[in-house]
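Undergrad: Spelled out from the first residue to the last, the chains are:
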Amino acid sequence: MNLTLKIWRQKNAKEAGNLVTYPVKDVSPDMSFLEMFDVLNEQLIQKNEEPIAFDHDCREGICGMCSMYINGRAHGPAQGTTTCQLHMRKFKDGDTIVVEPWRAEAFPVVKDLIVNRSAFDRVISSGGFISVNTGNAKDANNIPIPKDDADNSFAAAACIGCGACVAACKNSSAMLFVSAKVSQLALLPQGMIERESRVLNMVRQMDEEGFGSCTNTGACEAECPKEISVENIARMNREYLMANLKK
Amino acid sequence: MGRNEQNLTEAISEIKAIREEFWKDVRIPGIQNELNTELEKAGRVADFLELGELMCKDALMRKESCGGHFREESQTPDGEAKRDDDNFSYVAAWEFKEAGNWELHKEELVFDVVHPTQRSYK
Chain A
342 MNLTLKIWRQ
352 KNAKEAGNLV
362 TYPVKDVSPD
372 MSFLEMFDVL
382 NEQLIQKNEE
392 PIAFDHDCRE
402 GICGMCSMYI
412 NGRAHGPAQG
422 TTTCQLHMRK
432 FKDGDTIVVE
442 PWRAEAFPVV
452 KDLIVNRSAF
462 DRVISSGGFI
472 SVNTGNAKDA
482 NNIPIPKDDA
492 DNSFAAAACI
502 GCGACVAACK
512 NSSAMLFVSA
522 KVSQLALLPQ
532 GMIERESRVL
542 NMVRQMDEEG
552 FGSCTNTGAC
562 EAECPKEISV
572 ENIARMNREY
582 LMANLKK
Chain B
5 MGRNEQNLTE
15 AISEIKAIRE
25 EFWKDVRIPG
35 IQNELNTELE
45 KAGRVADFLE
55 LGELMCKDAL
65 MRKESCGGHF
75 REESQTPDGE
85 AKRDDDNFSY
95 VAAWEFKEAG
105 NWELHKEELV
115 FDVVHPTQRS
125 YK
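Top line first, the protein sequences correspond to chains A and B. Quick note on my numbering: the first sequence kicks off at 342 and runs consecutively. Quick note on my numbering: the second sequence kicks off at 5 and runs consecutively.
No wet-lab data here; the hints were simulated from the structure. Cβ atoms here follow ideal geometry from the backbone N, Cα and C, with glycine treated the same way. Treat the hints loosely; a few may be bogus.
[As the list claims (entries may be wrong)] Far from chain A, by Cβ distances over 12 Å, these chain B residues were calculated:
#, residue
1, LEU39
2, ASN40
3, GLU42
4, GLU44
5, PHE52
6, GLN79
7, SER93
8, HIS109
[To be verified] Which stretches of chain A does chain B cover? Using the computed rule of at least three CB atoms under 8 Å from a CB of chain B, they are:
#, segment
9, 388-394
10, 450-457
[Unchecked claim] Derived DEER-like restraints, expressed as beta-carbon distance ranges:
#, chain 1, residue 1, chain 2, residue 2, range
11, A, ASN578, B, TRP98, 41 to 49 Å
12, A, CYS399, B, VAL49, 32 to 40 Å
13, B, ASP89, A, GLY421, 26 to 34 Å
14, B, PRO33, A, GLU401, 50 to 58 Å
15, A, GLU568, B, ASP89, 47 to 55 Å
16, A, ASP371, B, GLN36, 44 to 52 Å
17, B, ILE22, A, LYS388, 19 to 27 Å
18, B, GLU107, A, SER538, 48 to 56 Å
19, B, ASP62, A, ASN457, 33 to 41 Å
20, A, ASN477, B, ASP88, 32 to 40 Å
21, B, GLU107, A, ASN477, 32 to 40 Å
22, A, ASN578, B, LYS101, 53 to 61 Å
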């Protein structure tokens with residue numbers, strides 16, 4: 342298939358960027374979106390042009406690095422699918438595809454399609470963990486846990502921290518990301534111990550980073566490649582209220 | 005995946021040649037003062053060009069077959085891996101001196117309770 346790509350190019354954080362048009366020929370439908378970018382970059386290098394910089398790592402859908410806004414959707418048109426797992430058979434011969442980086446004030450553009458997501462790291466360091474001396478792993482069945490809680494915690498733990506939720510949100514809110522981590526830990530006994538300080542610290546850090554507020558739009562859940570539920574946001578709101586009442 | 009004296013020696017000289025060509029001829033687009041993903045990739049390739057040679061050198065030194073390391077010169081009559089525990093019961097830790105030059109440190113393996121035996125699926 343032959344495609345027309347309109348890709349955001351930006352030299353660095355200080356300079357203005359713009360969309361540049363690249364025709365790409367003979368794209369195999371079996372290629373992943375990133376493999377197509379590899380082919381395009383090889384062509385650019387042969388022509389002595391600078392290749393397009395983009396984030397990627399595992400290329401397996403689990404690390405959270407790949408982050409392209411494809412035709413107005415975070416990670417492209419496929420449901421529950423990261424950019425690296427999006428294959429070109431989802432597009433048609435002759436299509437024009439617009440590719441941009443995540444747009445959020447808290448994720449400044451570094452170069453081309455690469456944004457700085459260390460805001461997420463700082464939120465996690467502020468409380469997204471449990472403080473416990475680890476020794477030998479205990480038998481998982483030692484503490485009986487209601488299956489619903491275990492299932493919900495596991496579903497929340499599926500978050501890969503890619504930031505698609507922030508990019509998709511019209512307010513650039515990070516509530517889905519923060520609430521997924523808060524939920525994952527607050528649902529289990531090991532996490533309950535620090536639940537109050539955790540939610541207060543993580544929300545404070547989230548606000549300091551400049552993420553927006555949640556207005557219950559739901560675009561985050563729709564775009565999330567791991568299909569994290571907005572129920573986590575509701576759960577975190579309750580956690581936050583309880584923590585404030587107990588202060 | 006069978007290794008032998010000849011193909012390992014050939015590989016080492018081929019890798020040395022590629023490495024020389026790399027350092028003489030590599031073109032890295034972009035500039036060095038800003039984020040440069042091609043420079044990052046070139047750094048990884050430079051590392052692999054050293055690690056690759058070391059892996060061949062280590063395989064050449066270990067004149068036995070052990071686990072995934074199969075030396076064609078060291079096998080049982082029915083084609084299974086044949087170890088040489090008397091001479092090779094150690095972990096080879098190679099200290100980097102410069103590209104293409106590593107110093108071998110042997111960390112001896114001593115088995116007190118369970119002793120290595122011949123693997124057999126029969």
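Undergrad: Would the non-interface assignment of PHE52(B) survive a Cβ cutoff of 12 Å against chain A?
TA: 17 Å, holds
Undergrad: A cut-off of 12 Å on Cβ-Cβ distance, and GLU42(B) was said to be off the interface with chain A. Does that hold?
TA: 6 Å, violated
Undergrad: Does the hinted range 48 to 56 Å hold for GLU107(B) and SER538(A) at CB?
TA: About 51 Å separates the Cβ atoms of GLU107(B) and SER538(A), which means 48 to 56 Å holds.
Undergrad: Does SER93(B) really sit off the interface, with its C-beta more than 12 Å from all C-beta atoms of chain A?
TA: 30 Å, holds
Undergrad: Establish whether the coverage given for the segment 388-394 of chain A by chain B is satisfied; the threshold is a Cβ-Cβ distance below 8 Å, and no fewer than three residues must meet it.
TA: Check passed, 5 qualifying residues.
Undergrad: Classify the label on GLU44(B) as holds or violated, using whether its beta-carbon is more than 12 Å from each beta-carbon of chain A.
TA: Answer for GLU44(B): violated, closest chain A Cβ roughly 10 Å.
Undergrad: Taking 53 to 61 Å as the stated bounds, is the beta-carbon spacing between ASN578(A) and LYS101(B) within them?
TA: 60 Å Cβ-Cβ, so the 53 to 61 Å window holds.
Undergrad: Over 12 Å to the closest beta carbon of chain A is the bar; see if LEU39(B) clears it.
TA: Violated: least Cβ distance 5 Å, not greater than 12 Å.
Undergrad: Do the Cβ positions of ASP371(A) and GLN36(B) conform to the proposed distance bound of 44 to 52 Å?
TA: Given a distance of about 36 Å, which is not inside 44 to 52 Å, the answer is violated.
Undergrad: Using the beta carbons of GLU568(A) and ASP89(B), state whether their distance is inside 47 to 55 Å or not.
TA: 53 Å, holds
Undergrad: Do ILE22(B) and LYS388(A) keep their Cβ atoms within the hinted range of 19 to 27 Å?
TA: 25 Å, holds
Undergrad: Please verify that the nearest CB of chain A lies beyond 12 Å from GLN79(B)'s CB.
TA: 36 Å, holds
The structure shown violates the earlier hints numbered 1, 2, 3, 4, 11, 12, 13, 14 and 16.
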